[in-house]
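**Student:** Following the hints, put chain V in place on chain X, whose structure we already have.
Number of protein chains: 2
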Amino acid sequence: MGTGGTGGQAGGTGAAPLRIGIAGLGTVGAGLVKLLRGNAAIVGARAGRPVVVTSVAARDRTRDRGIDLDGVTWHDDALALAHDPDVDVVVELIGGAEGIARRLVTEALRAGRPVVTANKALIAVHGAELAALAEQAGVPLMFEAAVAGGIPAIKTVREGLAADRLNRVGGILNGTCNYIMTAMRESGRAFADVLAEAQALGYAEADPSTDVDGIDAAHKLAILAGLAFGRPVAFSSVHVEGIRGIDALDLAFAQTLGYRIKLLGLARRREDGIEARVHPCLVPEKMPIAQVDGVFNAVLVEGAFVGRLMLEGRGAGEGPTATAVAADLIDIARGNAVPVWGRSTDGLTQVEALPRTAFHEEYYLRLQVHDRPGVIADVTAVLRDHGVSLRSMLQHGRAADDSGGADEPSVPLVLVTHRTQESAMMAALARIAALPAVIGEPAMIRIEAG
Amino acid sequence: MGTGGTGGQAGGTGAAPLRIGIAGLGTVGAGLVKLLRGNAAIVGARAGRPVVVTSVAARDRTRDRGIDLDGVTWHDDALALAHDPDVDVVVELIGGAEGIARRLVTEALRAGRPVVTANKALIAVHGAELAALAEQAGVPLMFEAAVAGGIPAIKTVREGLAADRLNRVGGILNGTCNYIMTAMRESGRAFADVLAEAQALGYAEADPSTDVDGIDAAHKLAILAGLAFGRPVAFSSVHVEGIRGIDALDLAFAQTLGYRIKLLGLARRREDGIEARVHPCLVPEKMPIAQVDGVFNAVLVEGAFVGRLMLEGRGAGEGPTATAVAADLIDIARGNAVPVWGRSTDGLTQVEALPRTAFHEEYYLRLQVHDRPGVIADVTAVLRDHGVSLRSMLQHGRAADDSGGADEPSVPLVLVTHRTQESAMMAALARIAALPAVIGEPAMIRIEAG
Numbered sequence: 001m002g003t004g005g006t007g008g009q010a011g012g013t014g015a016a017p018l019r020i021g022i023a024g025l026g027t028v029g030a031g032l033v034k035l036l037r038g039n040a041a042i043v044g045a046r047a048g049r050p051v052v053v054t055s056v057a058a059r060d061r062t063r064d065r066g067i068d069l070d071g072v073t074w075h076d077d078a079l080a081l082a083h084d085p086d087v088d089v090v091v092e093l094i095g096g097a098e099g100i101a102r103r104l105v106t107e108a109l110r111a112g113r114p115v116v117t118a119n120k121a122l123i124a125v126h127g128a129e130l131a132a133l134a135e136q137a138g139v140p141l142m143f144e145a146a147v148a149g150g151i152p153a154i155k156t157v158r159e160g161l162a163a164d165r166l167n168r169v170g171g172i173l174n175g176t177c178n179y180i181m182t183a184m185r186e187s188g189r190a191f192a193d194v195l196a197e198a199q200a201l202g203y204a205e206a207d208p209s210t211d212v213d214g215i216d217a218a219h220k221l222a223i224l225a226g227l228a229f230g231r232p233v234a235f236s237s238v239h240v241e242g243i244r245g246i247d248a249l250d251l252a253f254a255q256t257l258g259y260r261i262k263l264l265g266l267a268r269r270r271e272d273g274i275e276a277r278v279h280p281c282l283v284p285e286k287m288p289i290a291q292v293d294g295v296f297n298a299v300l301v302e303g304a305f306v307g308r309l310m311l312e313g314r315g316a317g318e319g320p321t322a323t324a325v326a327a328d329l330i331d332i333a334r335g336n337a338v339p340v341w342g343r344s345t346d347g348l349t350q351v352e353a354l355p356r357t358a359f360h361e362e363y364y365l366r367l368q369v370h371d372r373p374g375v376i377a378d379v380t381a382v383l384r385d386h387g388v389s390l391r392s393m394l395q396h397g398r399a400a401d402d403s404g405g406a407d408e409p410s411v412p413l414v415l416v417t418h419r420t421q422e423s424a425m426m427a428a429l430a431r432i433a434a435l436p437a438v439i440g441e442p443a444m445i446r447i448e449a450g
Numbered sequence: 001m002g003t004g005g006t007g008g009q010a011g012g013t014g015a016a017p018l019r020i021g022i023a024g025l026g027t028v029g030a031g032l033v034k035l036l037r038g039n040a041a042i043v044g045a046r047a048g049r050p051v052v053v054t055s056v057a058a059r060d061r062t063r064d065r066g067i068d069l070d071g072v073t074w075h076d077d078a079l080a081l082a083h084d085p086d087v088d089v090v091v092e093l094i095g096g097a098e099g100i101a102r103r104l105v106t107e108a109l110r111a112g113r114p115v116v117t118a119n120k121a122l123i124a125v126h127g128a129e130l131a132a133l134a135e136q137a138g139v140p141l142m143f144e145a146a147v148a149g150g151i152p153a154i155k156t157v158r159e160g161l162a163a164d165r166l167n168r169v170g171g172i173l174n175g176t177c178n179y180i181m182t183a184m185r186e187s188g189r190a191f192a193d194v195l196a197e198a199q200a201l202g203y204a205e206a207d208p209s210t211d212v213d214g215i216d217a218a219h220k221l222a223i224l225a226g227l228a229f230g231r232p233v234a235f236s237s238v239h240v241e242g243i244r245g246i247d248a249l250d251l252a253f254a255q256t257l258g259y260r261i262k263l264l265g266l267a268r269r270r271e272d273g274i275e276a277r278v279h280p281c282l283v284p285e286k287m288p289i290a291q292v293d294g295v296f297n298a299v300l301v302e303g304a305f306v307g308r309l310m311l312e313g314r315g316a317g318e319g320p321t322a323t324a325v326a327a328d329l330i331d332i333a334r335g336n337a338v339p340v341w342g343r344s345t346d347g348l349t350q351v352e353a354l355p356r357t358a359f360h361e362e363y364y365l366r367l368q369v370h371d372r373p374g375v376i377a378d379v380t381a382v383l384r385d386h387g388v389s390l391r392s393m394l395q396h397g398r399a400a401d402d403s404g405g406a407d408e409p410s411v412p413l414v415l416v417t418h419r420t421q422e423s424a425m426m427a428a429l430a431r432i433a434a435l436p437a438v439i440g441e442p443a444m445i446r447i448e449a450g
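In order, the protein sequence lines correspond to chains X and V.
Counted from 1, the first sequence has number 161 at position 161 by the working numbering; the numbering is strictly sequential.
Counted from 1, the second sequence has number 410 at position 410 by the working numbering; the numbering is strictly sequential.
So here's chain X without its partners, still in its complex pose:
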């Protein structure tokens, strides 16, 4: 019959342990050791056998990580884990799309060793190649922790919804950006100010670019899109914008218009291809995702049969991420595995996402304009020329302490368009920016109406 076994039902404490080698003992690595030890009875029962850490590799032997590593083999070279005879599964927690992380995962798979990783960059950039390697070696490559931390987003998309034709996937995939924009909205403070605070609190890195420029969210989106649509999406083709350009003014205007601003990753199946993009969005405040604030993440999935699902939880941190890694280890201990992209890599080619010019959205525009007659007529004439139709307009009166040009006062002008092709919007915006009455670069934020 060949319909499979019972997933280690017969297993127990008498069964041979699954021996883990961990590369990278940062927050997540140390958290994983704590979880596997603190919850050893639960993990052992669920896995059908003990799951034990036998080897680790990290740079600094002296650092106090709050874990006892007595009896655990220490490697200075992470690559040694790929061949350590006491290791059944390699857990890669070093990070980065290239370098040692990539070499370790490649070498472990080549050595026929299952790999669990939390490395979103690696899977997003090299997932196609690594999937083929895993399949050749006949071993699982798992990465639940790479997307949305404690939310089992990968399992949901790749297994829970495996039977459905998924049309959309995405969500709030970066907790740092969500924290910053929530704080900006609540306090009215500027981006740089809130970023500095987030850095002080440990919610943002010293070099925040990966987060605030949208790269981290784009890695996660590329992975989710690949899983949802059953083939890897070329990471370089994902359109990415971060949140540095969001002004406190935009958050306030959005609220006036009944929206919140969220950095969303969105992938969509269209007749002519796949859209995959990360950028700030105006989201109607009644949508559940608009209410997901602070460091929380939310994953949205929409399928032809299942309708719309939302999963909300902690997207990062020691505990949630360690839980995700350990869940993968339990699956491996049970002998359960799923191909990297949900199906055999045989004949599976990477797909390029559609270019930005093909997007078709509603747009929020904010211009700073000289407060003189005819400005609105000029701006709306450009939009008309490019076939962009307006849905609403908001002009705030001039404040007393207004600071515009040296001698001429200026005001913000907010326009909301109907759905239009982004190529038309781009052409119109270039002309609007060149109007004599328009000061600086116009701000453009897409609207995600649901």
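A portion of the hints provided could be inaccurate.
Claimed, not checked - Here are the in silico distance ranges between beta carbons for each label pair:
| # | chain 1 | residue 1 | chain 2 | residue 2 | range |
| --- | --- | --- | --- | --- | --- |
| 1 | V | Arg419 | X | Gly450 | 36 to 42 Å |
| 2 | X | Glu129 | V | Pro17 | 45 to 51 Å |
| 3 | X | Asn167 | V | Ile376 | 55 to 61 Å |
| 4 | V | Arg419 | X | Asp207 | 28 to 34 Å |
| 5 | V | Pro409 | X | Asn167 | 57 to 63 Å |
| 6 | X | Asn167 | V | Asp346 | 41 to 47 Å |
| 7 | V | Arg244 | X | Glu186 | 39 to 45 Å |
| 8 | V | Asp70 | X | Gly99 | 54 to 60 Å |
| 9 | X | Gly450 | V | Gly96 | 53 to 59 Å |
| 10 | X | Gly71 | V | Gly245 | 35 to 41 Å |
| 11 | X | Gly99 | V | Pro17 | 43 to 49 Å |
| 12 | X | Pro85 | V | Gly138 | 28 to 34 Å |
| 13 | X | Gly387 | V | Pro17 | 30 to 36 Å |
Unchecked claim - Residues of chain V placed beyond 12 Å of chain X at every Cβ, according to the derived structure:
| # | residue |
| --- | --- |
| 14 | Arg63 |
| 15 | Leu79 |
| 16 | Gly149 |
| 17 | Gly202 |
| 18 | Val240 |
| 19 | Gly258 |
| 20 | Arg270 |
| 21 | Val292 |
| 22 | Arg308 |
| 23 | Met310 |
| 24 | Gly319 |
| 25 | Ala430 |
| 26 | Glu441 |
To be verified - Computed list of chain V residues with no C-beta within reach of chain X, every gap over 12 Å:
| # | residue |
| --- | --- |
| 27 | His75 |
| 28 | Gly99 |
| 29 | Glu107 |
| 30 | Gly150 |
| 31 | Thr156 |
| 32 | Asp247 |
| 33 | Gly273 |
| 34 | Lys286 |
| 35 | Gly303 |
| 36 | Glu312 |
| 37 | Asp328 |
| 38 | Val351 |
| 39 | His396 |
What the hints contain is simulated information worked out from the structure, not anything from laboratory work.
We put the CB at the ideal spot given by N, CA and C, even for glycine.
**Tutor:** Relative to the frame of chain X, chain V by itself:
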């Protein structure tokens, strides 16, 4: 090494099909046939081999179900599926904890045949016994569709969070009740009125008891609790209250106090045992679950490492439920399986949930009282005598068209208590109900503060 295979990675259209026998061709059964055919390419690729319906069993051969059953073997007796040589997996969609559904699942497992079911009553009531049977036979028994329809709640709790120590699980588990209470709140109409409308729209059954009396939600909660805590919870020990007693007045008062009323299933791990209960709750309107309206379901899980997760989606209907059944079939096709309660049944005993008297909650009380001096003093004296401390009180002025006793006017009096033992609350309420100034039965609704 024994760390498992590659989950059917090598599979493809050339591999032997997984042959399905479906018992019960109602909405879900017909939906499953449509899904497996409409998404045959997706399902085949994900499963590593074709998944085909070879046999069905249903009562009425003549009914038009919108599906073509040519070439499919028809059994009048569902039990025949347990031994049909052309069936690899039995899908039980008949329903009910006893009778033919139970006999079919039992017989199929005894015959060494994997079973997928959407039958929450069966798993909630007989899950312990069926888990042992499945383990003896060495075949999977899967039931993702039994809880929260299209939301992969079972996979999330049993696999995605397998490594964590879960402390709470529950949520909005019955879409019919949530629809009725949403409509009551939005329209101010009475329960009976909205129920009749829901029945006309097909959102409620002709006999709505299983839904509105909380039984359906209790079945799902018992299953979730069993998975979260790693051992089956005796269904008969789950405390169940439905929504028949909810008055439009309560929905309005709740809103005034900053709450919504939801029928929640809640299970909690305590030092002295497990709480498992289904009843209406006042939920602070800022909590995400308070915003889940209409027929939508939401599942909440809380773990020591992962923190809090919420999953929201369609809890019923042809498409979502069929998606869940098909996901189980794909797991079986790949050879992936998990023990029924997440661990071996060896030494696993069923646990009784704590009795109602052990609950420890905040309470909302609504009394109809004669509008005379001293009533509040009498009521609060009783609460004080039982050690119940008050947090707030709400008394609405008497309306002009007030209808109280024959000659004496009456008004509603709303009290909100601090957290207290339910045994004390029950004793106090019995005495309050007996006060001469109190008319009818007091309404008591627990508050779920998060």
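**Student:** For each hint, tell me whether it holds in the structure or not.
**Tutor:** Hint check results:
no.: 1; hint: Arg419/V with Gly450/X: 36 to 42 Å; in the structure: 39 Å, holds
no.: 2; hint: Glu129/X with Pro17/V: 45 to 51 Å; in the structure: 31 Å, violated
no.: 3; hint: Asn167/X with Ile376/V: 55 to 61 Å; in the structure: 58 Å, holds
no.: 4; hint: Arg419/V with Asp207/X: 28 to 34 Å; in the structure: 46 Å, violated
no.: 5; hint: Pro409/V with Asn167/X: 57 to 63 Å; in the structure: 59 Å, holds
no.: 6; hint: Asn167/X with Asp346/V: 41 to 47 Å; in the structure: 44 Å, holds
no.: 7; hint: Arg244/V with Glu186/X: 39 to 45 Å; in the structure: 41 Å, holds
no.: 8; hint: Asp70/V with Gly99/X: 54 to 60 Å; in the structure: 58 Å, holds
no.: 9; hint: Gly450/X with Gly96/V: 53 to 59 Å; in the structure: 38 Å, violated
no.: 10; hint: Gly71/X with Gly245/V: 35 to 41 Å; in the structure: 60 Å, violated
no.: 11; hint: Gly99/X with Pro17/V: 43 to 49 Å; in the structure: 44 Å, holds
no.: 12; hint: Pro85/X with Gly138/V: 28 to 34 Å; in the structure: 31 Å, holds
no.: 13; hint: Gly387/X with Pro17/V: 30 to 36 Å; in the structure: 51 Å, violated
no.: 14; hint: Arg63; in the structure: 22 Å, holds
no.: 15; hint: Leu79; in the structure: 19 Å, holds
no.: 16; hint: Gly149; in the structure: 8 Å, violated
no.: 17; hint: Gly202; in the structure: 16 Å, holds
no.: 18; hint: Val240; in the structure: 27 Å, holds
no.: 19; hint: Gly258; in the structure: 16 Å, holds
no.: 20; hint: Arg270; in the structure: 17 Å, holds
no.: 21; hint: Val292; in the structure: 8 Å, violated
no.: 22; hint: Arg308; in the structure: 7 Å, violated
no.: 23; hint: Met310; in the structure: 5 Å, violated
no.: 24; hint: Gly319; in the structure: 4 Å, violated
no.: 25; hint: Ala430; in the structure: 41 Å, holds
no.: 26; hint: Glu441; in the structure: 36 Å, holds
no.: 27; hint: His75; in the structure: 19 Å, holds
no.: 28; hint: Gly99; in the structure: 26 Å, holds
no.: 29; hint: Glu107; in the structure: 16 Å, holds
no.: 30; hint: Gly150; in the structure: 4 Å, violated
no.: 31; hint: Thr156; in the structure: 5 Å, violated
no.: 32; hint: Asp247; in the structure: 27 Å, holds
no.: 33; hint: Gly273; in the structure: 18 Å, holds
no.: 34; hint: Lys286; in the structure: 9 Å, violated
no.: 35; hint: Gly303; in the structure: 7 Å, violated
no.: 36; hint: Glu312; in the structure: 5 Å, violated
no.: 37; hint: Asp328; in the structure: 9 Å, violated
no.: 38; hint: Val351; in the structure: 15 Å, holds
no.: 39; hint: His396; in the structure: 30 Å, holds
Violated hints for the displayed structure, listed by number in ascending order: 2, 4, 9, 10, 13, 16, 21, 22, 23, 24, 30, 31, 34, 35, 36 and 37.
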